[in-house]
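Undergrad: Can you build the whole structure from these sequences, using the hints too?
Residue numbers (my numbering), protein chains in the order written: chain A, 1 to 307; chain B, 1001 to 1506; chain C, 2001 to 2359.
These are computed hints drawn from the structure, not numbers from a lab.
A portion of the hints provided could be inaccurate.
With a cut-off of at most 27 Å between alpha-carbon atoms, the simulated DSSO-like pairs for lysine-lysine come out as follows [stated by the list, open to error]:
hint, chain 1, residue 1, chain 2, residue 2
1, B, 1418, C, 2238
2, B, 1365, C, 2085
3, C, 2144, A, 290
4, B, 1278, B, 1418
5, C, 2238, A, 89
6, C, 2238, B, 1328
7, B, 1056, A, 186
8, A, 239, B, 1110
9, A, 290, B, 1320
10, B, 1478, B, 1278
11, B, 1110, A, 162
12, B, 1320, B, 1418
13, B, 1320, B, 1278
14, C, 2238, B, 1320
15, A, 290, A, 162
16, B, 1365, C, 2238
17, C, 2144, B, 1320
18, A, 89, B, 1056
19, B, 1440, B, 1418
20, B, 1157, A, 186
21, C, 2039, A, 112
Here is what each chain is made of, one letter per residue.
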Amino acid sequence: MDLLGINPALLIASLMVSATPILLAAIGETVVEKSGVLNLGVEGMMIVGAVVGFVTAVNTENPAIGFVTAAIAGALLSTIFATLVLYLKSNQVATGLGLTLVGLGISALLGKPYEGIKSPTLKSMDIPILSDTPIFGRMLFSHDAMVYVSILIVGFVWYTLKYTRIGLVLRAVGENHDAAHALGYKVIRIRFLAIMFGGACSGLGGAYISLVRVPQWTEGMTAGAGWIALAIVVFASWKPWRTLIGAYLFGGITVLQLNLQAAGVAIPVEYLSMSPFLITIAVLVIISAKGNQGAPASLGRPFHASN
Amino acid sequence: MTDLLLDITGLTKAYPGVVANNNVSFQIRSGEVHALLGENGAGKSTLVKMIYGLVKPDSGSMTFQDQQFMPASPNAARGTGVAMVFQHFSLFDALSVAENIALGMDDAPKPRDLAENIRQVSNAYGLPLEPNRVVGTLSAGERQRVEIIRCLLQNPKVLIMDEPTSVLTPQEVEVLFKTLRQLKREGTSILYISHKLEEIRALCDTATILRHGEKVATCIPVATTAREMAEMMVGASFANPIKAKREMGDTILSLKNVSASSAEAFGTSLRGISLDLKEGEILGIGGVAGNGQDELLATLSGETTVASDMIIFDGQAIGKQGPTERRKIGLLSAPEERLGHAAAPAMSLRENTVMTAAERKSLLKNGFIDWAAADQYTQDIIADFDVRTPGTHTPAGSLSGGNLQKFVVGREVLQNPKVFVVNQPTWGVDAAAAASIRQKLLDLADNGAGVIVISQDLDELLEISDRFCAINEGRLSKIVPTSTLEMDQIGLMMGGATVDQERRQA
Amino acid sequence: MIHFEKRLNPSRLTTVVTPLIAVILTMIAGGIMFAALGKPPLEAIRIIFWDPLFDPNFASYSRPQLLVKAGPLILIAIGLSIGFKAGIWNIGAEGQYIMGAISGAAVALATYPAVSVLLFPAMVAAGAFGGWLWAMIPAILRTKFNTNEILVSLMLVYVAESILASVAQGLLKNPEGYGFPGSRNLQQYPSAFNAEVIANSGMHWGVISAFIAVIFAYVMMTRHIRGFEVRLMGEAPKAARFSGVSTTRLVVFCLGISGALAGLAGMFEVSGPSGQITIDFNSGYGFTAIIVAFLGRLHPIGILLAGLLMALTYIGGELAQLMLGLPGASIQLFQGMLLLFLLATDIFTNYRIRIGGAK
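TA: Structure representation (structure tokens):
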């Protein structure tokens, strides 16, 4: 069953864990970009979520509360971005980068006293009956709650965008914000809410890293996960279920290369650790060569209400 | 039929630098087709936006069926029974017809019911629509139908239409009029904004005429001549361009079976376009927007390149050349979109000059820009074309539409092109400026240049072009001398029929 | 209700005044942050902004350090600003910096211990080339496949860091280094050493290059057709195409020049102040330069001043860490806030506030 010293079932199980933070951030950002805004501050919101979630969980001894506060923190941080970009019409690229820097700075400051401490972590849930099935049971149905929550969020976003009124309006705003405004829709309000949703999701994703995947706090521990999430949104052509595939694919590559490193395979460590990034680039190229279909037409363009 | 539906009293609205509407009052009765007439910039759009709740008046009042009426938003206006079809559609290209209509409705029914409603209503009024089609694939006329059906599904009492026929062929205009007459019979009022006098005389019961933001007259169109209405609209007479008899030279430009796909996601591809242009000739290309005009201009300007010998200019095959090379040999152009394409809005006029005149006016020395020379040329343009602007440092975006267009055309014309191609030269331009631009085009041809004018304004084309053709879905109709043309023929050409087909039908 | 109304003409005055306001606002916000951390706010601000320049005890040491820190920031930011003005977002300058450093150091280490006056120029060329090459990857991917250069250039930073770790422990490792990772120290290799041109002034060749870059950029952007094309592309891409600007050529030019300058900065740094290739010798200049570019409003002179200001926050920050125990992360936060405040006040250049009811 083992290949190169690696157990496939174990691989898939750990892939899901590795992918969950990126999935959360990516699905949040998908909603933001579908509304027409490009928020490059995902890394900043994730790491703030990571530190806030960690600190709260340690102080309350309850990881669930940690996740809740992480989501709130991510949403709050994103309001800074939203205010600058929507009300003060600032450049989206620069503001997103500024947000990342601020997030990295705040998180390092808040997390300093907590380095080296262990936090309470989420226990894995064994879903009754399903988790007893051979092979797939352990692999798919014995994870902690957040893994399932993340998949539920993907389903929720898909359903809302496709079948509900608010989802239609959000898509319209992302397609043609001038037309949406002419029809009387509050473009800025909708985008603001979308940005906050994205911030909350990124916060959750960050908290997952510090509370479950590691679980510990180190400065800068998100290590580029936010940027990967941004790439995955493009990879998924802004479609929710494809985001799931993209995140799991990336998680899979990351876990695989770590396993290969541990198994002592003859490829130098540095090449293995570059591989997820190189593969992401390759995938981005393929998607864009095919024409970047699905990109909301107003993405990244500033909205000026013309009365 | 004679109940007072909408009573407007003393509406006033000012913006920084301009008074859009000044104390405008008029009344609309139920079942009445009421025209709102005026030149570009007269204040029609602002007035109508106040009625529809998009803009709040500075002063004045309105009543609707004797109730106070001052909608704070389009939602409120629609709730009271006022619906509007804009000149520039608020449509989402990537979404379906049904989704677009649902977005324009306040209480959209469930998707299945909505699709049924759309089919029923659109067929009932002679404007059939398929609910699941993606809007980006529809023609301009069909897109207008989406806007109209969206309004009709909410049973409005007043339907406002802003310049509805600017995107329609003559045949489509007839279909629209039939629909509007049907609505009128059912008791719906129509507020019909236009500057097309003959249409208003054919369709409307009453007309309110605006000029410079003020109401100057109300009249019964049927009882008024087009000339009288025009004089009320403009308030002064101006010189009509003089077309002298002209000698034409050799063929200077030939397109041979040019095919090119559009750069836009929902654009129109060119299919097998062929034409010949002589020196001293003005070729008019008519057609409603969205039939390949932008794409045709892009192939001529060099933004889109084609096979080398598909375009022959002055004996040379230039299909592969880009804009800079084409300017060098004397092929100049002016695209339709003034701000963002023909000119950069945030840059000054003299910077916009450098944008196209650098080569022919020797504004570059070893790659360095001679700003003094650029300034001088800009001043020449301003003087010769009467561009009203404080100076050469003004950003292009702060010029009025007419003045900017004069600058754009002047910038090219004063470079002494051998061929000049212009797309919609006088769209949105006030009458005096339009007349002067047309005169400049005639003068250019008198001096031996070949000119191609692409325009939606048939009157303009008939006035200045020597030969005429129509563009439809990326194809050109046969090119015929303007003097032999009749209105019906033009309509058919714009609808895609060839001259032979027309003869067969006659 | 307060709302914004577009100005008819962009205001010249606010373009100069808003960065100053942003700095003042950041000082206030920073002061609040320091107080929240239990440090005396006014003293902290003084230590960061005033002491490095004027304190009799250590200003003579810290002033040259200012130039050392500002040099690479300005050099990289000038390159970045040209691309940013055109709407071409090179976020991976850090990676190009690393690759330039590796290239330059490799040339030096390969020829050790040769003595030649040609060595340093060769290193300069290699450094620029290394950075340029690394930036060509996102450039080609964008022009050929329309791939977003933000994500590609950023991913390549992580790849470059991996390559750095690899060569520091492998290819470029010091054979006489007792097995420790890291290359030879170039400061001890005279032909390769990027020494100070004027002793104790902090002005090494990198700093001088930065000043030269500022002048070149200024001339190019205001007087040369290439600078005009860059501005046109950023303002109105359709008009740029109409004018005949080749998007491909411009993307290659902008990414190329920013990559080359970043690579140069890396090479000057590794052969000068930092001295050797180590696993993590890069210190985030590539990212800070982005702040410098925006703080300087994408204008060469502005970038010069912004680079000096940023360097001041670095030096002052280190001083504050030493003297007040201020955490290092607070300086990073400070710099992020500076960028956000600048972006926030930027709106006043093109819009003015209207207070009143009418829409």
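Undergrad: What are the numbers of the hints that this structure violates, sorted from low to high?
TA: none
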